[in-house]
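Student: Below, each chain spelled out in residue letters.
Number of protein chains: 2
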Amino acid sequence: MNTHLKIGLVGFGCVGSGLYEVLNKSGLLGATIKTIVVKHPEKKRSLPKEAFSYEVKDILDDPEINVVVELINDSVAAYELVKRAFKAGKHVVSANKKLIAEHLDELLALATENQVSFLYEGAVAGSIPIIRNLEEYYNNDSLTSVEGITNGTTNYILTQSNFGVDYASALAQAQELGFAEADPTLDVDGFDSKFKLVLLIKHAFGLSVEPNQLHNIGIRRITEKEIAYATEKGFRIKLLSRAEKIGQEVCGFVAPHFVDRTHPAFEVNNEFNAVIVQGLFSDRQLFLGKGAGSYPTASAVLSDISALKFDYRYEYRKSDAGKNLQLSEQFYLNVYIGTPHAVTLEEAGFEEVYESFRSRDYAYKTGLISFEKLAALQTNAREDLAVIVLPGALQKPELVVAESANVEFNTH
Amino acid sequence: MNTHLKIGLVGFGCVGSGLYEVLNKSGLLGATIKTIVVKHPEKKRSLPKEAFSYEVKDILDDPEINVVVELINDSVAAYELVKRAFKAGKHVVSANKKLIAEHLDELLALATENQVSFLYEGAVAGSIPIIRNLEEYYNNDSLTSVEGITNGTTNYILTQSNFGVDYASALAQAQELGFAEADPTLDVDGFDSKFKLVLLIKHAFGLSVEPNQLHNIGIRRITEKEIAYATEKGFRIKLLSRAEKIGQEVCGFVAPHFVDRTHPAFEVNNEFNAVIVQGLFSDRQLFLGKGAGSYPTASAVLSDISALKFDYRYEYRKSDAGKNLQLSEQFYLNVYIGTPHAVTLEEAGFEEVYESFRSRDYAYKTGLISFEKLAALQTNAREDLAVIVLPGALQKPELVVAESANVEFNTH
Numbered sequence: 001m002n003t004h005l006k007i008g009l010v011g012f013g014c015v016g017s018g019l020y021e022v023l024n025k026s027g028l029l030g031a032t033i034k035t036i037v038v039k040h041p042e043k044k045r046s047l048p049k050e051a052f053s054y055e056v057k058d059i060l061d062d063p064e065i066n067v068v069v070e071l072i073n074d075s076v077a078a079y080e081l082v083k084r085a086f087k088a089g090k091h092v093v094s095a096n097k098k099l100i101a102e103h104l105d106e107l108l109a110l111a112t113e114n115q116v117s118f119l120y121e122g123a124v125a126g127s128i129p130i131i132r133n134l135e136e137y138y139n140n141d142s143l144t145s146v147e148g149i150t151n152g153t154t155n156y157i158l159t160q161s162n163f164g165v166d167y168a169s170a171l172a173q174a175q176e177l178g179f180a181e182a183d184p185t186l187d188v189d190g191f192d193s194k195f196k197l198v199l200l201i202k203h204a205f206g207l208s209v210e211p212n213q214l215h216n217i218g219i220r221r222i223t224e225k226e227i228a229y230a231t232e233k234g235f236r237i238k239l240l241s242r243a244e245k246i247g248q249e250v251c252g253f254v255a256p257h258f259v260d261r262t263h264p265a266f267e268v269n270n271e272f273n274a275v276i277v278q279g280l281f282s283d284r285q286l287f288l289g290k291g292a293g294s295y296p297t298a299s300a301v302l303s304d305i306s307a308l309k310f311d312y313r314y315e316y317r318k319s320d321a322g323k324n325l326q327l328s329e330q331f332y333l334n335v336y337i338g339t340p341h342a343v344t345l346e347e348a349g350f351e352e353v354y355e356s357f358r359s360r361d362y363a364y365k366t367g368l369i370s371f372e373k374l375a376a377l378q379t380n381a382r383e384d385l386a387v388i389v390l391p392g393a394l395q396k397p398e399l400v401v402a403e404s405a406n407v408e409f410n411t412h
Numbered sequence: 001m002n003t004h005l006k007i008g009l010v011g012f013g014c015v016g017s018g019l020y021e022v023l024n025k026s027g028l029l030g031a032t033i034k035t036i037v038v039k040h041p042e043k044k045r046s047l048p049k050e051a052f053s054y055e056v057k058d059i060l061d062d063p064e065i066n067v068v069v070e071l072i073n074d075s076v077a078a079y080e081l082v083k084r085a086f087k088a089g090k091h092v093v094s095a096n097k098k099l100i101a102e103h104l105d106e107l108l109a110l111a112t113e114n115q116v117s118f119l120y121e122g123a124v125a126g127s128i129p130i131i132r133n134l135e136e137y138y139n140n141d142s143l144t145s146v147e148g149i150t151n152g153t154t155n156y157i158l159t160q161s162n163f164g165v166d167y168a169s170a171l172a173q174a175q176e177l178g179f180a181e182a183d184p185t186l187d188v189d190g191f192d193s194k195f196k197l198v199l200l201i202k203h204a205f206g207l208s209v210e211p212n213q214l215h216n217i218g219i220r221r222i223t224e225k226e227i228a229y230a231t232e233k234g235f236r237i238k239l240l241s242r243a244e245k246i247g248q249e250v251c252g253f254v255a256p257h258f259v260d261r262t263h264p265a266f267e268v269n270n271e272f273n274a275v276i277v278q279g280l281f282s283d284r285q286l287f288l289g290k291g292a293g294s295y296p297t298a299s300a301v302l303s304d305i306s307a308l309k310f311d312y313r314y315e316y317r318k319s320d321a322g323k324n325l326q327l328s329e330q331f332y333l334n335v336y337i338g339t340p341h342a343v344t345l346e347e348a349g350f351e352e353v354y355e356s357f358r359s360r361d362y363a364y365k366t367g368l369i370s371f372e373k374l375a376a377l378q379t380n381a382r383e384d385l386a387v388i389v390l391p392g393a394l395q396k397p398e399l400v401v402a403e404s405a406n407v408e409f410n411t412h
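Residue numbers (the working numbering), protein chains in the order written: chain A, 1 to 412; chain B, 1 to 412.
Chain A extracted, bound-state conformation (with noise of 0.2 Å):
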């Protein structure tokens, strides 16, 4: 089929007014969008006020209308109308992150039950087709991994960090290029970065995971001392959402991490994104491109946009092998802990102290740990710990027991 698209865009910021000018005035994708439904009428904008519509059921009701592209802020109205477009039979594209990791099997309920699509790319990695290549390209269950720089906020503050920009100026500096949000938070603590890794698991490994399951440990916690140990040792800082898959278990965190030049995420600065995926039987792969703004979100709402005119819809052909696995904690792995009050680093729990920093104003450790004390210290809920993972494999418990006697780490 090569349906002529007739789309109901509901919001109308940098991407949605980007969106009008591609579809509507060049023509190229045979699509063109016939109602645009905002929510504040008062509010300047790029077309005349005859232009807009208030009222969503002016799409809903419209049986012209067979796209609904969603592009609002607000996850719970989001929500509302994602379900109502899938039971008035419209195809939904939306970018909407937080929307779809906390309600994606419900939504894909209920557009399989009305036949329709939900296209989400521009949720994940700004403009890499991430979705698109996890649910075509390794369409087996031969996946052992998929991480990712996902959220362009973060990396260009850490990019920066790297450079010797303190917090807060790279901060200021992304809200003023429009990355980032004026409350931060759902980037800096990682929960955007972990709303991104439950589609990638999903879409990875067939594994339906809540973003509760998820623990995230931001980069607001990081001060000049970790910058300066990352110099020293030839690392960069990247925030990553990871996930490998261990037999039929599912490891999955998001938290900062100490790359090294050997890591394909080095080079990976700014507001760009990447992500790495790697199978047992093929060779490790990275996507790059940008992640943050209103255009790479636009582009990737494009091509779906444009794979609606082929009929396309995810097959989530994991599916039925994601049901023999489950998210695990259970494991050990590498890292850095940091903090100005040194006996905090006592009850953290090492496994195996690799190093051990000590001045009058800062300590620091280095050592194996299980993730799940990792978790339990509640990095984000506290002011005096630095958490950032550093390279070596994540390691499962029976693993660490049997080799504990006579094993070296290779950190660095």
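Worth flagging that the hints you see were computed from the coordinates, not collected in a lab. One or more of the hints may lead you astray.
What the hints assert, rightly or not - Derived coverage of chain A by chain B (criterion: at least 3 residues anywhere in the stretch with Cβ under 8 Å from a Cβ of chain B; other residues may be distant):
#, region
1, 18 to 29
2, 123 to 137
3, 277 to 287
4, 300 to 308
What the hints assert, rightly or not - With a straight-line cut-off of 20 Å between C-alpha atoms, the simulated EDC-like cross-links for lysine to aspartate or glutamate are:
#, chain 1, residue 1, chain 2, residue 2
5, B, K309, A, D320
6, A, K309, B, D320
7, A, K309, B, E315
8, A, K373, A, D361
9, A, K225, A, D260
10, A, K309, B, D141
11, B, K25, A, D141
Stated by the list, open to error - Cβ-to-Cβ under 8 Å is the rule here; a few derived chain B residues that face chain A:
#, residue
12, V22
13, K25
14, L104
15, L107
16, R132
17, E267
18, G289
19, Y295
20, S299
We put the beta carbon where it would ideally sit given N, CA and C, even for glycine.
Once you have looked at the hints, place chain B on chain A.
Tutor: Relative to chain A, chain B alone:
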């Protein structure tokens, strides 16, 4: 559909034997190799003699076999084999870029006629899923350029050269590592990169071109003088397959390029390949993975086999748009030409000269030149000219004429 695939494998080199291990021992993909055909009975192999057949008819006449995986070097024999396989109603997976670049339209017609699939992800840029992405994700005619490092051998040699190893030693290393063939002509003169460019142009723009319509400039004439020039300017040298759509024309060629730190290929080293895709409405995307060696190819072949389980075939959705396009050599570009014979530079036909250097034993010029004049130099056939493209957009003649009076060229 989710067919169990029975494979007839022709060729049992590194890729073929790796495939056998994965498919027949892991069982993961729901596909098994039933019959293996090889040419030389006397060759020592990892399986006993009884495991092999020596006649392709053992595959072609077997109604149980639904897929032929063609992994032989000889592109003439492969051409006959693939045609017979299609006529026998079997899907074909191949990584033979020369075969496909030279005969794609004919083979496609035959595959379509017999309602079978012809998949060849392994033919371009090793493990990178670029054909699939050009087909599926960039499914509309809004792409403007595709370029990439598509040959691992030459990238290995150039990387080593950038780091100070001379050409002959770097080539010997590449051969030792199994990246380069005993006769490296196809690689170092840019023919291999050109075969891949034919496929990129087909899937990016829908335009069918023949290999001999595209000009390829190789890396064989690059000397320590060019390496020194690169170092001085902060460039690295990369052999790029490059195609840009300007209006209704596609400008495509293979040549070594000086790339600066802002170019996404700058850090793509050794046996890695990378493809960079840019569209009217999409951000520049980079796809990175290993390009040389048997493992990356095997990984792409496996993905093709996996896709066949879901009856996948390339749709060539841009073919209609491609009929309105034509290949063009009517463009200008910035180049460096170096030679021991300064007089040659006088005859090169620069439109405008940016730099001119002359010593007792070497001379070079940089400047704007028409591609037709550059191609007429026939640099692969002579020993005294090193041609390397400088940073800058390709320019159509009308622009060059209009702006030549007062234009600033930013070459570094």
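Student: Enumerate the violated hints, using their earlier numbering and listing them in ascending order.
Tutor: Failing hints, ascending: 8, 13, 14 and 15.
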